[in-house]
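S.K.: In case you want the letters, here they are:
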Amino acid sequence: MRITGNRLIDLTSSATTKNQSTVGTVSGQLSSGLRVTTPSDDPAAWVAAQRTKLRQVMSQGAGAAVATSRDALQMTDSSLASIASAVSQVRTLAVQGASDTYSAADRAGLGDEVHGLFLAALASANAQGSDGEYLLAGAASLTAPFDAGGVYQGDAGVRAVPSTDTGLTAGTTIAGSNLTAANGVDVLPLLDRVAAALSSNDLPTLRAALPDLDTAIRQISLSRSQTGAAMSSLDQTTAARSALEQDMQQAISRYVEVDTVTAATHLAKASQALLVSQQVTSHIIQLLAPST
Amino acid sequence: MSDLLSLLSVGASAISAQNAGVAIAANNIANANTDGYSQQRVDFESLPAAPLIGGVRTGSPTRAQDNLLAKQIQTATGSLAMSQQFSSAVAQLETAVSGGGPTIDEQLGTLFSSLSAASASPTNSALRGSVVTAAGDLAAGIQRRAADVAATRSDADLRIRAATVSATALATQLAAANLAIAKSGDPAQLDRRDQIAKQLGELVGGQARVDGDGQMRYVLDGGAVLVDGSHAARLAATPDPTTGFAALAVVNGNASRDVTAAIGSGSIGADLKLRDQTGAQAAGQLDQVAYDLATSMNAVHTANAGLDGVSGRPMFTPPTQVAGAASTLAVDPALAASSQLLALAAPSTGPGNNTGALALFALGTRTVASGGTRTLGDAAIDVVANVANASAEAKDDATRDGLVSENLAGLRDSLAGVDTQEQLTDLARFEHASSAMAKVVSTINDMLGSLILNL
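Protein chains in written order, with my numbering: chain F, 1 to 292; chain R, 1001 to 1455.
Careful, some of the hints might be misleading.
Here are the simulated DSBU-like cross-link-like pairs (lysine-lysine), alpha carbons at most 35 angstroms apart as the crow flies [unchecked claim]:
#, chain 1, residue 1, chain 2, residue 2
1, R, K1198, R, K1183
2, F, K18, R, K1395
3, F, K18, R, K1071
If you're looking for bench data, these hints aren't it; they were derived computationally from the structure. Note that the structure is a prediction, hence the values are computed from the model and not measured.
Starting from the given sequences, assemble the full structure and let the hints guide the process.
M.R.: Here is the structure:
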């Protein structure tokens, strides 16, 4: 085949341009750490990475929900612990007051003390979370769940929250209905009733309340167990989700990030090819120079 | 027997012939870097009755040319122009659907993530605000993408309109070149005609063929004749009332033939493909995503209640139809003004109920898009993926067509390119022959002089 001088120069110039382009591309990949910088670099890898990123972002949103719920449950448990402590103290005082050795005046003093504990328990039962929601109100979370007499005004609603991009964790809130007669006795009114019985020296009522106080303690204990189980479940969810998100991040890296060793090898090869093509171009130009 | 005066005549014709060779070689060297130039050569022919009369004469310069190769180059030129222009244009479209900020699927992820966060504290005004903000950002993002895609298609349309003017001018030049060739047959005119045909091919693709009469006919994809000998038709761009874009027609006198859908190569073919196929598909998919997003979110949102316990309110302004849904997508104005209206609770429950939030979040993994076959996220990814695939294919096509063109350029160069060393050798050969003939003439002249002196 006849090859003219101009053609020789064109061929070597074209080869040099291609090699320069390759060096530029591989250098860019190495400096950015990304193999896929635009979707068309590798559409299939980009699609896989975007799908994974979408799942990852949704999973992170679930993580935020779980963290919020975990914090609220912690505060709920703290409130229930306060109520449990108050009920336990009330039971102790009630047992003391039920003794025949106590006078009416002594019982009145105990009654004042129990009333104070009732108010403290009521305040704990109406505790609000960091977002202002009443922790034990169920779905009616913008209204104080217990009135001044300790009667429950909320509902039995509990929430589920997303635990991953597709999964849900149920029972992430505790409703104050656990502390009502539907689940044993009305805990807070019971305290108020004990305080009144002590203040009015009403021994039959006081003694009748003692078994109810035991029931109340069990109710609160059960609620705290539910709270603990929910927190444990959320903790497990968090651990699983963290592992999942780590896997997702690794998958994204595999899809779009550059393999440094491979890229460095490509760069070395491309640089060598560029050097050779530049030398060949120079040689061809020198070769043709005397006759042109 | 030849006389000395006849021999002088032989010498003169020989010097003239060798000088013609020198002129051709010099012209070849002068045009060594002229784009589209085909090397010329001159054939020598010995005159009869040598050595008694004899001598040499030259014919007209001939141009190295292979019509089949020229046709292949012309076709390859249209293909290369098409793939290069489409690669460039579709890269712009790719930027429109995926560049300059988060992609639609990423914004969808942010919306669903914010819904998830809000589900744990549905009365929290900051979290509710985040959801509304994410929805607003998503709507604005889809609107922007739709506008960018429309702008990319409009740019292609403008290029098509400009290119039709150039194509008509080139067709006129081609017809004029045909006329000039019919009169003179000048090789330089043939080169010029090939160059015009090549430029026309870069714009409109099609085929140029040289018929037996030496005239070039230029036929577009689909068969419409743009140039027939010395007559050129006009490539006209007129606004299509349906699309607002230019429709193309070959206008020949009173006859007009629509070629909008027929042109499939050249830069016009590339821009038509971008405008009417790839770009149109992207715009349609964006509209579908916007429509599916608004309708599916609204269906859930209207079934749930805001903080005020009222249900039946949409999340996005309800679209009336798929077409144009992307460019009009917006968060419902009342919701945008107050995140209290965000329906995260089931009706007739309390504000702390998060059933609505969970239902909205679940839309992230439900197949509610593309006729119930895709999730919203996948549908949004599909918009970019289709353009990205087209872009990747265009890059491959451009590389392949570049290689084909390079190979054909090598073949053409092998046949018709000017090799300066070769021409310098020819030059030396002609020069030596010319000098030798000058010596012959000088010798004969001396002989004649001696003869005259001795008479």
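S.K.: Hints numbered earlier in the text: which of these fail when held up against the supplied structure?
M.R.: Of the numbered hints given earlier, the structure breaks none, since each of them holds.
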